[in-house]
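Protein sequences, first through last, are from chains D and A.
Using my numbering, you'd call the opening residue of the first sequence number 1 and step up by one each time.
Using my numbering, you'd call the opening residue of the second sequence number 1 and step up by one each time.
If you are wondering where the hints come from, they were derived from the structure by calculation, not from laboratory data.
It is possible that some hints are incorrect.
For lysine to aspartate or glutamate, the following EDC-like pairs were computed, each having C-alpha atoms within a straight-line distance of at most 20 angstroms [what the hints assert, rightly or not]:
#1 A/K473 <-> A/E422
#2 D/K163 <-> A/E297
#3 A/K594 <-> A/D583
#4 A/K32 <-> D/E145
#5 A/K32 <-> D/E146
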Amino acid sequence: MRERSSVDIAAGEALLAVENVSLSFGGVRAINDVSFDIRKGEIRAIIGPNGAGKTSMLNVINGFYHPQAGRITFKGTTRRAMRPHAAAAGGIARTFQNVALFKSMTTLDNIMAGRTLRMHRNFFWQLFRYGPAMAEEVVHRRRAEEIIDFLEIQHIRRVPVGKLPYGLQKRVELGRALAMEPELLLLDEPMAGMNLEEKEDMSRFILNMNNHYGTTIALIEHDMGVVMDLSDRVVVLDYGRKIADGTPEVVKKNQAVIDAYLGIAH
Amino acid sequence: MRAEATTYTDTFPKLLLMNAAQRSDRPAMREKDLGIWQTWTWEQVLGEVRSFALGLAQLGLKRDDKIAIIGNNRPRLYWAMCSAQSIGAVPVPVYQDSVADEIAYVLAHAGVKIAVVENQEQVDKLISIAERLPDLTHIIYDETRGLRDYDHARLKSFVDVQKLGNQQDARASAVQWEEAIAQGKGSDLAVILYTSGTTGRPKGVMLTFDNVIKSSRNANAYDNLDEKEEVIAYLPMAWVGDHIFSYAQSYCSGYCVNCPESPETIIEDRREIGTTYAFAPPRIYENLLTLTMVRMEDASPFKRRVFHYFINHARQWGEKILNRESVPIHARLINWLGDILVYAPLKNRYGLSRIRVAYTAGEAIGPEIFRYYRSLGINLKQLYGQTEASVYITAQPDGEIHADSVGKPNYEVEVKLDEKGEVLYRSPGVFVGYYKDPEKTAETKTPDGWVRSGDAGFFDPKNGHLKIIDRAKDVGRLKDGTLFAPKYIENKLKFYPNIREAVALGDKRDFVTVMLNIDLVAVGSWAERNNVIYASYQELAAHPKVYDMLAEHVDEVNRSLAEEGPMAGAQIKRFLILHKELDADDGELTRTMKVRRGFIADRYGPLVVGLYDGSKEVNVSTEVTFEDGRKGTIAGLVKIRDMKTHPAVIAAAPIGKAA
Chain D
1 MRERSSVDIA AGEALLAVEN VSLSFGGVRA INDVSFDIRK GEIRAIIGPN
51 GAGKTSMLNV INGFYHPQAG RITFKGTTRR AMRPHAAAAG GIARTFQNVA
101 LFKSMTTLDN IMAGRTLRMH RNFFWQLFRY GPAMAEEVVH RRRAEEIIDF
151 LEIQHIRRVP VGKLPYGLQK RVELGRALAM EPELLLLDEP MAGMNLEEKE
201 DMSRFILNMN NHYGTTIALI EHDMGVVMDL SDRVVVLDYG RKIADGTPEV
251 VKKNQAVIDA YLGIAH
Chain A
1 MRAEATTYTD TFPKLLLMNA AQRSDRPAMR EKDLGIWQTW TWEQVLGEVR
51 SFALGLAQLG LKRDDKIAII GNNRPRLYWA MCSAQSIGAV PVPVYQDSVA
101 DEIAYVLAHA GVKIAVVENQ EQVDKLISIA ERLPDLTHII YDETRGLRDY
151 DHARLKSFVD VQKLGNQQDA RASAVQWEEA IAQGKGSDLA VILYTSGTTG
201 RPKGVMLTFD NVIKSSRNAN AYDNLDEKEE VIAYLPMAWV GDHIFSYAQS
251 YCSGYCVNCP ESPETIIEDR REIGTTYAFA PPRIYENLLT LTMVRMEDAS
301 PFKRRVFHYF INHARQWGEK ILNRESVPIH ARLINWLGDI LVYAPLKNRY
351 GLSRIRVAYT AGEAIGPEIF RYYRSLGINL KQLYGQTEAS VYITAQPDGE
401 IHADSVGKPN YEVEVKLDEK GEVLYRSPGV FVGYYKDPEK TAETKTPDGW
451 VRSGDAGFFD PKNGHLKIID RAKDVGRLKD GTLFAPKYIE NKLKFYPNIR
501 EAVALGDKRD FVTVMLNIDL VAVGSWAERN NVIYASYQEL AAHPKVYDML
551 AEHVDEVNRS LAEEGPMAGA QIKRFLILHK ELDADDGELT RTMKVRRGFI
601 ADRYGPLVVG LYDGSKEVNV STEVTFEDGR KGTIAGLVKI RDMKTHPAVI
651 AAAPIGKAA
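Input sequences plus hints: build the corresponding full structure.
What follows is the structure in structure tokens.
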């Protein structure tokens, strides 16, 4: 399916590095001393059983949670805590496990909302949609339309997203994240609740996104087939600890993963 | 009949040169891209076609080579056809949703050298079958997405091929190219269209430029189409209809072809363009109507009343106004008001505000649906066509519209019936033969140029219109020799919402009988309204009141058959309502929901005996398969109702002769 050389990635620089990160909520240790990196241009999967700390990990990366210990290095800058809006400005976009869109706005408006960070004219210019603000709007609308074309959602351009079926809402959410032109895209279960055909479509979009725009992607997914097909490298978490890290082939054969994640045969 | 010019432009590349000279600034093609309609004038199309043609020649495409076209309706795929034809190659459009195996058969059979495809999906299919196609040297794609990292040894983008063409000395190559075009003649092979073929392998129908262009010119004349028409190209490019509507007729008259943004956006795109000439199979009109009715149910009570008032008015008067019959002034006034409040907004929704001619064909359309659109003032007509005829055999002339006929022969088309009732036709559009299949050609086409359509029909004695009744092989005879067309009778019955399925029997028997299935939704809601209590399908089906209601429908069908000349003897004498629904799981229907008559006659043997031995009721038990695979039996008493037949109406007009 993909003919990309894994050599590039192995030699590639780390876009993001997580070092010895720990996070607890009261007495519960959600993440326990986890380290891994995400290299530029790769598709990195984070897998693990329910409650393994996957979503918490994404929340740490984009600054929603602040870890008690450890360091995060993004594009060469090391920090312990960060605000989500700063993460977004720095080039990290994400989608959510439960779709989080503006339900009463159209697909187009939702995707345009993803362009907000890239708009430079201030509120008053935009209010009148005149002169430079208009010119800017045209540029951004073009980008939004390219994304609509890319994700094949032309037919729902003017439909309020609240009326759309779940699979399409997921696609719109991906479109909004993509509209930010992120360097790192975090996808939290992009295929949850989808049927086989929708999963295939979504896989194609993720691969094309990576191939066409060169976006680095970190995704959480439960469908093992999808994970093994899509990702360059996989990190496996269990009860907040990292138990394996490597290419899909390596991870698949790891006994700890088979026991903990895929389950021991009963 | 229209006087033919003594000389005319006889190939598509020549027509393109002519259009580019005479209509250089008129739009030839549009496509919606990134939400905006992009337009190409005839002059620009010429430029695109020339660059691509020169590129194809550089890739080694020669006269008589075959070139496959696979994808949704995109401007570049249409241009590729003309580019190929300009250097004497023959385009072979292939159904874009075919699986790789089917594509492999067609490409190998046609000996395709170059394939021009829409996108990654089609490229992947071709790569997966590449080793079975030794003749295939290059694959050219339109949409570049996802293809960057593919091995480009045999793969090229459309733009790269055009660049290849443009690298040469511009003036010299343009001259050479026009010389190549001048070499083309009307009798050359223009296109090979593979018919999807419900039985056996697809057959490649060979059509010459003369076939396609003469047929298109006649069609343009028949409906007065000119360069101002707008059509939307959305049906498969491999289907002869699209080839004629979106390519041939456009080149002949100079009208503009619009490619939708994506297959899902057609309704909206059609609304934006406002097509003036349209074609759609009955299913599409049906869906639009259902959608309207469902949405109206959700509208406010006031809007609903306004809607129904004016729709009822249109039902009574709209068609008469469209047919220019005399209509009282008050009816015209209400119609005018209705147009402002209901009809025009509806037509706008359907994208049919500016429609001049809309056709439906392919299968029978429900008379209610047909009349609904006509009553709104939309000139919806039926036509009868085949790939082997370059589409046009018969069509309904303006003002002579009947819901159940397919009209009169088009210009220069001759139609006759053989002794078995099969329709034969001869016209300038008639195909040369099936590619590499002289045997099948001889079966279908007589030495003097008549083509067997495979359909049985008759000319309505009232108006001389052709009616298609069934596939010729399914048509039988009663013992007294009367024509018996089961599907024709079944379709008439099935147009009643209360009847879900019908099975007509009569071949080699004394008279016609039918077995019916009620529609549980329609009859169920009737039962609710009329306080008829029932516990199961079987109970409802056996209810005397249901029998009375269906007897009325059968009687109406008999009455209409009585008026139809040769069909008058095939009126229904006895009928029964089956005690179970026909089901594909029990093998009674095909997976595409067509009744399997022979199988049903065997399975319900005792009922068939009862229908013909005069019994009033029959005891049966039938095995059924449940959804989980378990088997069970349904047993019960099935009543049989006798019907009276109507005397045949003798037509005053003589039977219509073909032109």
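A quick look at each hint next to the structure:
no.	hint	result
1	A/K473 <-> A/E422	holds, 9 angstroms
2	D/K163 <-> A/E297	holds, 18 angstroms
3	A/K594 <-> A/D583	holds, 10 angstroms
4	A/K32 <-> D/E145	holds, 11 angstroms
5	A/K32 <-> D/E146	holds, 13 angstroms
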